[in-house]
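Visitor: These are the residues of each chain, in order.
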Amino acid sequence: MKILPYILELVQVLILLVGAPLFVGWIRRIKCWLQGRKSPSLFQPYFELLKLFSKDVYLAENASWIFRFTPYLVFGITLLIGAIVPILIIDLPFSTTADVIAIVGLFAIARFFTALAGMDVGTAFGGMGSSRTMMIASLAEPAMLITVFTVSLTSHSTSLSQIVQTLTNNGILATLRPSFVFSLWAFLMIAVAETGRVPVDNPDTHLELTMIHETMLLEYSGRHLALMEWASMMKLFLFISIGKAVFMPWGIAQSGQLLAIPLALFFLIIKFMVIGVILVGFETSLAKMRLFRTTEFLGAALLIATLGMLSYFILE
Amino acid sequence: MSETNKNIMTYYEVDVSQFSETAKLMKKMSASLTAQWAVEGKQFFEVYACYRTEEDFLIVKSLLPKDKPEFPSVSKIFLAASRFERQIYSFMGIKALGNSDLRPWIKFADWPADAWPLRKDFNSAQCLKRVKGEYAWIQAEGEGVNEIPVGPVHAGIIEPGHFRFQAVGETIINLEERLGYTHKGIEKRFESLGWLEGYKLAGRVSGDSTVAHSLTYCRALESMTDFTLPPRAAWLRAIFLERERIANHLGDIGAICSDAAFSIMLYQFMRLKEHFLRTNQTLFAHRFMMDCVVPGGVSVNISAEGAAQMTQELAALETEFERLVKIYDGNPSLEERVRDTGILSTKKALEIGVVGVVARASGLNLDSRSLYPFAPYDKLQVKVPLYTAGDVNSRVWVRIEEVRESMRLLRELLADLPDTTIKVPCPLPERNSTGFAVVEGWRGEVMYWLQATSAGTINRCMVRDPSAVNWLGLESAVIDNIVPDFPLCNKSFNASYAGHDL
Numbered sequence: 183m184k185i186l187p188y189i190l191e192l193v194q195v196l197i198l199l200v201g202a203p204l205f206v207g208w209i210r211r212i213k214c215w216l217q218g219r220k221s222p223s224l225f226q227p228y229f230e231l232l233k234l235f236s237k238d239v240y241l242a243e244n245a246s247w248i249f250r251f252t253p254y255l256v257f258g259i260t261l262l263i264g265a266i267v268p269i270l271i272i273d274l275p276f277s278t279t280a281d282v283i284a285i286v287g288l289f290a291i292a293r294f295f296t297a298l299a300g301m302d303v304g305t306a307f308g309g310m311g312s313s314r315t316m317m318i319a320s321l322a323e324p325a326m327l328i329t330v331f332t333v334s335l336t337s338h339s340t341s342l343s344q345i346v347q348t349l350t351n352n353g354i355l356a357t358l359r360p361s362f363v364f365s366l367w368a369f370l371m372i373a374v375a376e377t378g379r380v381p382v383d384n385p386d387t388h389l390e391l392t393m394i395h396e397t398m399l400l401e402y403s404g405r406h407l408a409l410m411e412w413a414s415m416m417k418l419f420l421f422i423s424i425g426k427a428v429f430m431p432w433g434i435a436q437s438g439q440l441l442a443i444p445l446a447l448f449f450l451i452i453k454f455m456v457i458g459v460i461l462v463g464f465e466t467s468l469a470k471m472r473l474f475r476t477t478e479f480l481g482a483a484l485l486i487a488t489l490g491m492l493s494y495f496i497l498e
Numbered sequence: 233m234s235e236t237n238k239n240i241m242t243y244y245e246v247d248v249s250q251f252s253e254t255a256k257l258m259k260k261m262s263a264s265l266t267a268q269w270a271v272e273g274k275q276f277f278e279v280y281a282c283y284r285t286e287e288d289f290l291i292v293k294s295l296l297p298k299d300k301p302e303f304p305s306v307s308k309i310f311l312a313a314s315r316f317e318r319q320i321y322s323f324m325g326i327k328a329l330g331n332s333d334l335r336p337w338i339k340f341a342d343w344p345a346d347a348w349p350l351r352k353d354f355n356s357a358q359c360l361k362r363v364k365g366e367y368a369w370i371q372a373e374g375e376g377v378n379e380i381p382v383g384p385v386h387a388g389i390i391e392p393g394h395f396r397f398q399a400v401g402e403t404i405i406n407l408e409e410r411l412g413y414t415h416k417g418i419e420k421r422f423e424s425l426g427w428l429e430g431y432k433l434a435g436r437v438s439g440d441s442t443v444a445h446s447l448t449y450c451r452a453l454e455s456m457t458d459f460t461l462p463p464r465a466a467w468l469r470a471i472f473l474e475r476e477r478i479a480n481h482l483g484d485i486g487a488i489c490s491d492a493a494f495s496i497m498l499y500q501f502m503r504l505k506e507h508f509l510r511t512n513q514t515l516f517a518h519r520f521m522m523d524c525v526v527p528g529g530v531s532v533n534i535s536a537e538g539a540a541q542m543t544q545e546l547a548a549l550e551t552e553f554e555r556l557v558k559i560y561d562g563n564p565s566l567e568e569r570v571r572d573t574g575i576l577s578t579k580k581a582l583e584i585g586v587v588g589v590v591a592r593a594s595g596l597n598l599d600s601r602s603l604y605p606f607a608p609y610d611k612l613q614v615k616v617p618l619y620t621a622g623d624v625n626s627r628v629w630v631r632i633e634e635v636r637e638s639m640r641l642l643r644e645l646l647a648d649l650p651d652t653t654i655k656v657p658c659p660l661p662e663r664n665s666t667g668f669a670v671v672e673g674w675r676g677e678v679m680y681w682l683q684a685t686s687a688g689t690i691n692r693c694m695v696r697d698p699s700a701v702n703w704l705g706l707e708s709a710v711i712d713n714i715v716p717d718f719p720l721c722n723k724s725f726n727a728s729y730a731g732h733d734l
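Residue numbers (the numbering used here), protein chains in the order written: chain A, 183 to 498; chain B, 233 to 734.
Since the hints were made in silico from the structure, they are not lab data. Treat the numbers as computed from the prediction; the structure is a model and nothing was measured. For glycine and all other residues, C-beta sits at the position ideal for the given N, C-alpha and C. Where hints are given, some of them may not hold.
Here are a few chain A residues that face chain B, going by a calculated C-beta distance under 8 Å [what the hints assert, rightly or not]:
1. ASP238
2. MET310
3. PRO381
4. LEU389
5. MET471
6. LEU473
Excised from the complex, chain A in its bound form (with noise of 0.2 Å):
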């Protein structure tokens, strides 16, 4: 057995570990520019997520264990597909393990976990966000499936490795075709309701009665509560690499290629900053849309993935 490859995975899922809050760092910091104010350190999550470690956990007194377990399960599951993913190389040896189709029913798992906790303390906040959730998933992973499925068309495979194989080898304008385009839109606009961002959901609210994932976290603290924000760190991360091996596959290192892998990084790193910036221009520019808009944006999403589908086979 080779050693190398497990090397690339461990380096990769430590990737994620660190990138994500980095990012989240450097989204803040980008918001903080365009309205106008002062940035906390680029390193701020960090200490956020430090400083709730540090903390004790205060469980209410009627949590079960699901609401003690659900943050190891929801940290342990959002590393996994960071195995799978390939977000600096392809082929590593976790990414046969599982393809698209199994990474959203992983997130599902997650979500799953995470709603059942909301629910467990028996807060109103947390079975109101719980609820919402899964109303929001309930009409994302449909969209989020058909899209996969377009994707998977041109190159025949559903395995995220499979299908960024073979749009490098197609060369620079492989993602340029009428498919893709629409899959990108769709996928986009999963992501900001999946990843709970602007204007699906608002991480930075301190309003109860608003908030869609934060509502279902209200009753954690200490580790518990970092595990869960890291997560969820990590699952930005993750959506943004998905979007970006599968649309924008450019630089990322092929199996073996030991040398490629710092390219790899550079360009990591250049598209993070980028979709940064576009992030946040449009969550700056647009207010938060009302909770049962959401339900038409989706439907939006998923009309738009079927499109691509179907573009797929009468243009191309």
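Starting from the structure of chain A, add chain B where the hints point.
Guide: Just chain B now, with coordinates in the frame of chain A:
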């Protein structure tokens, strides 16, 4: 100058049996109830109801024997009376007969039920024995109804208050407020103060409207005697009042946008507000101009340079303000959130008797600066913005228009500032006299009613912050909205907890 003040109200004394009949009559005359309060006199309890008619205020007074502290409720005629009557019962132990809801209001839940703090024999220095309080919440039943308790401690840096929602799915079918968490016994405290000290306490009823409250107190006090205010003092008071309005409206507009996750507006408006407050600090030695209005005039003067600095500041503010208004006006995603959210119809607004920004956004032309003007407002002709939709958007636009109007007023006031003294001694009121004043603060009309004892000291100081009626408006406006839209509705009302709880 002071004579205009006296003309704005008339007293009527009726027998207690006629108390609710008078209310019916008032309703027919399309007057609205602005406040109800009670006083403990030597031989009698006195209950008062203050009505706003087209031209002035009518105060209806009834005497109640001490052994039978009851009066007929007017809550079936005027909605706002329900809370006033609960408050009267909680603090005075005077029962409104026919009001089915006399649960304690504002009074601490763990006080004995028969502790009536506003009665004269109540010793405010004592430590009361705490009892276990039980509050009978309004219940909603049926399939799919869930209850969401929020507060009293909230996540943001705001005051405490409890909201209980009954919702079906996300749709609010009922909201019940419970306030009183910031009750400090201010009305009782007034009774132990001297006439010339009271303005300080009034300035602390609600910190964000310190000018409006201390000004109303001073005007009520000055209305009790033959007092003529030096013109420069009147002008300066108006300048303070308009500066307070601009600063708070700036903060509010930003905060409303922020509740729709459009936070760039929050930071930009907060910046404008902060600059404005810092100018207050430089010119008047206090960011909120606390204690600047005193009985007999004002305590700080401004120099010619100070006036010039304010005029300059206005020019800079106007440019930036208009730029931000353009952003507000031009962003469809924001507009989608604020339009048709939290509608308070004109009919409902009239029924509840809301005041201030909220009333003007629901089509009620209510602004005491133009209805009951005192110097210098009688010369200025305040333009009152009027919107009829009654939604969050209208309440934002009323604020925008009012900032514009206040900037115009400030310019005019600064342009012809009279050159007189800023303070003259304020004579003390005579025994048994009463005083009344209404001032349009930034939230709405602030109302004070003062009464002297037979020894000439303060017997009663009734404080009515605009929030006392506007909180009821919020309860009504959120019905049929969805739960996540509540913060927007709430912020657009921005009622004061401290001013309400006293």
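Visitor: State for each hint whether it applies.
Guide: Results for each hint:
1. Given hint, ASP238(A) at the interface with chain B, is violated; its Cβ is 20 Å from that chain's nearest Cβ, farther than 8 Å.
2. The interface hint given for MET310(A) holds, since its Cβ lies 7 Å from the closest Cβ of chain B, which is under the 8 Å cut-off.
3. For PRO381(A), the shortest C-beta to C-beta distance to chain B is roughly 6 Å, which falls under 8 Å, so the interface hint holds.
4. Hint on LEU389(A) holds. Least Cβ distance to chain B is approximately 4 Å, under the 8 Å limit.
5. Annotation: MET471(A) was flagged as interfacial toward chain B, and the flag holds, the nearest CB pair being 7 Å apart, inside 8 Å.
6. Proximity of LEU473(A) to chain B holds as hinted, the smallest CB-CB distance being about 5 Å (cut-off 8 Å).
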